[in-house]
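Q: The lines below spell out each chain.
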Amino acid sequence: MSDAPAIELKGISKAFGPVQANKDISIRVMPGTIHGIIGENGAGKSTLMSILYGFYKADSGQVFINGKETTIPDSQAAIAAGIGMVFQHFKLVENFTVLENVVLGAEEGGRLMPSLSKARKLLTELADEYELNVDPDKKIEDIGVGMQQRVEILKALYRKAEILILDEPTGVLTPSEADHLFRILKGLKDEGKTIILITHKLREIMDVTDTVSVMRRGEMTATVKTKETSPEHLAELMVGRKVLLRVDKKPATPYAKVLEVKNLRVKDDAGVERLKGVSLDVHGGEIVGIAGVAGNGQSELLEVLGGYRKAKGNVMINGEPIDLTGRKSDGQSRRAKGIAHVPEDRHREGLILDFQAWENIAFGYHNDPAYQKNRWLMDNRAIRQDTADKMKRFDVRPPNPHLTAKNFSGGNQQKIVLAREIERNPELLLVGQPTRGVDIGAIEFIHQQLVALRDRGKAILLVSVELDEIMSLADRIIVMFDGQIMGERIAGQTDERELGLLMAGVTDTGRSPLAQGSTGAMRVGNPGRGA
Amino acid sequence: MDVMPKWADALLIPLISILIAFAISAGVIVAIGEDPVAALNTMVTGALGSSYGWGYTLYYTTNFIFTGLAVAVAFHARMFNIGGEGQAMLGGVGVALVCLFIPFPHWILALPVALIGGALFGAAWAAIPAYLQAKRGSHIVITTIMFNFIAGSLLVFLLVEVLKPAGAMDPATAKFPEGTHLPTFQDMFSFGEKPAFRGAPANVTFFIALLSCFAVWLLIWRTRLGYAIRAYGHSEPAALYAGISPTRIIMIAMLISGGLSGMMAINAVMGEAERLVLNSVEGAGFIGIAVALMGRSHPLGVLLAALLFGFLYQGGAELSLWTNVPRELIVVIQALVILFTGALDNMVRIPLEKLFLMFRRKSPEPATTVVKPAE
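If you read the protein sequences in the order shown, they are chains G and U.
Heads up: the first sequence begins at 1 in UniProt numbering, then just goes up one per residue.
Heads up: the second sequence begins at 1 in UniProt numbering, then just goes up one per residue.
Hints are not guaranteed to be accurate.
Said to hold, decoys possible - When the alpha-carbon atoms are kept at most 30 Å apart in a straight line, the in silico DSSO-like pairs for lysine-lysine are as follows:
1. G:Lys328 - U:Lys135
2. U:Lys194 - G:Lys310
3. U:Lys354 - G:Lys406
4. U:Lys354 - G:Lys57
5. G:Lys276 - U:Lys135
6. G:Lys249 - G:Lys68
7. G:Lys392 - U:Lys6
8. U:Lys354 - G:Lys10
9. G:Lys23 - U:Lys354
10. G:Lys201 - G:Lys91
11. G:Lys201 - G:Lys227
12. G:Lys249 - G:Lys337
13. G:Lys267 - U:Lys135
14. G:Lys118 - G:Lys189
15. G:Lys23 - G:Lys10
16. U:Lys135 - G:Lys312
17. U:Lys6 - G:Lys406
18. U:Lys135 - G:Lys337
19. G:Lys250 - G:Lys392
20. U:Lys135 - G:Lys373
21. G:Lys186 - G:Lys118
Read the hints as simulated data drawn from the structure, not as lab findings.
Could you build the full structure based on these sequences and the hints that come with them?
A: Written out as structure tokens, the structure reads:
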């Protein structure tokens, strides 16, 4: 191991218009280490890595690779300098095979065959060495997400990357897939490769990194040895104040059944069945969490209950059946029944980004008589007043009803949606990914609000891909896989390993209903995280 | 945070765009060996220098307000209604039928009924593409543009085979009866000896157009329906989430849009020609697109843009009458204005935004910078 750092950044600054995304950032990453970069959304992590990969040009500052000053004008130069990047959203050609994707853009000569056979040889070698096993002849669209990510890593290794940057790599993985990924990363590290891991999950940092840098508001606030820090300390560095990582709540006192779902079936536009007979119920005064890897039917479940997807089956609210196909199956009818909904994607559904805050507070409730001046006209002043009140109660910053929604930070946008839905005091609150893209400080507040609604005796159905969130917030946990319910657990009487197995489709009896690519990596005696 | 203040977005950008278009037009006029200053002078005096000129300018403006509002309302629901031309033609049919077959004693009675007739026919013509879009997903741009051609053919058929009085040579209806004649500006504003607006076609419909601007403003920004239209226009998934029916919004927005186009016929058919002729719309349906683009789909913007295009139409006619500048050049000038205000909007906007940013950096601002999510 040489003394020169594999990567050294000195005084990197980058501004987008008036926004200073990176401010005088310096960082040293030694070769053969895993270096974590942690920070909230918008802290500037991705911008920094984009500069390193040649997507953005820094306004000032220097980059040193292996002690040599290097300029990286584009991604070709980054690859030439031995930098490989695995993006959060994979950049793969869906209908190409694994092999073709690995070679794409790095073909040697005019003929494809020599490159392909060379890549095939390398792939088998790497598979043995690092557990990077993939079938080179499978098409990307036919393999699981975990596998696709391995293809991205292989792509970088094929290009002789010595430095590997991974941007939020575990967002789409099951816990066991994430463990597998970390084993791969540790193997690569032992071979002397340098790995930069960008994430907002504290535990991943604690588990796999050697050193960690914390970013806040475009600045590097600290770089510490992982062994010498704790999650609480890192969280404090990220937010700038002490935060409560655990949700503080009393045991639930469930009342009568509010939501009852029986044998719910949904087909998507392509005719694929996304919900295959789901039955569940939620009582007043409890939070039921739906765990599962994204894309296993949770979104469809919320959409059906929220009134914008047709379905077959029975759904009752407080004993009254609700319409799943006809004229009364829209969002307005659902709201009239006391169902409020915080959708999974606030940018796509929850907010109109070009509307001002007050227009968004009326969104979905624009027919509310309190918002009307007379039969014809809306009472915009009343809505603004209502908005100002709600913003105050939910601590939305800045509390300006006239600010356009897109100009709020992620956490404050989510607070606007929550304020709109929770303040209606619904019988049932549907919540999808309540803290996705939300800073830690706001997470704490949002969780408190959800627990407070529960303690008022209301029913909450929570969908989240963050297992931590489900485990700390829910009273009962239902695991979904491939449109079915795999099992139900009482929170506090289960652990991540058990839930992880259910999430991967391994049922209580120990057999997998579907032999899918992504579950192929599952083995008996799968080591838990931290083992 | 918005990069530019609102006034710059709403006024400065269109103004700069117009100036660039005018500058290039001046270059073209020089290139064909004419004097651009004299040409501008002719246009201004011709269109705005006399009550007669104003009478024509405001007549055209009235047409463009209706078609501009029509396109603007559809824009708010994120639909590109290119069918204003055809909807206005059908509106003309509606107005003609009302005027020819109902014996009105006075225009006060004729006007509202003809208004409804024109709006209904225009809306009906827009309803078919709207239905195809809402239910079958046929793209509204394609269907509305095709419906323009169908409307044109239909109009020829109706005028030649059905509505033409026996023995007449030109494809037009009979003259509308006396009781439907709308008062022109000349009738309304001539006091004493000297008649104002003599012979100019501007008529009482102009005030209906102004009212329509206000009504559209109310609709879009003050009613639940307008709120739902805007919400749907910004995001269809969000509209679905909120329980706003896309089918309903598409149908209603297009019916209003078609109705507004159809109302143009009050001005052109009932007010000016006083009979239905083949070419009563004169491309106003297409100008409406430019007007809505330039007016940023805001009724006030539409009004101002309609005035500009009214000026260009009338000034252009004067230009070809009094100078050697050919009539086609007017179309070039109009096209340039459309090009710069519509299609090349970003060409002006982006440099201007940079300019504003530079100013902002220089001016001492307290540390209110919010870090934008880069993810």
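Q: Hint numbers the structure violates, sorted upward?
A: 2, 6 and 20
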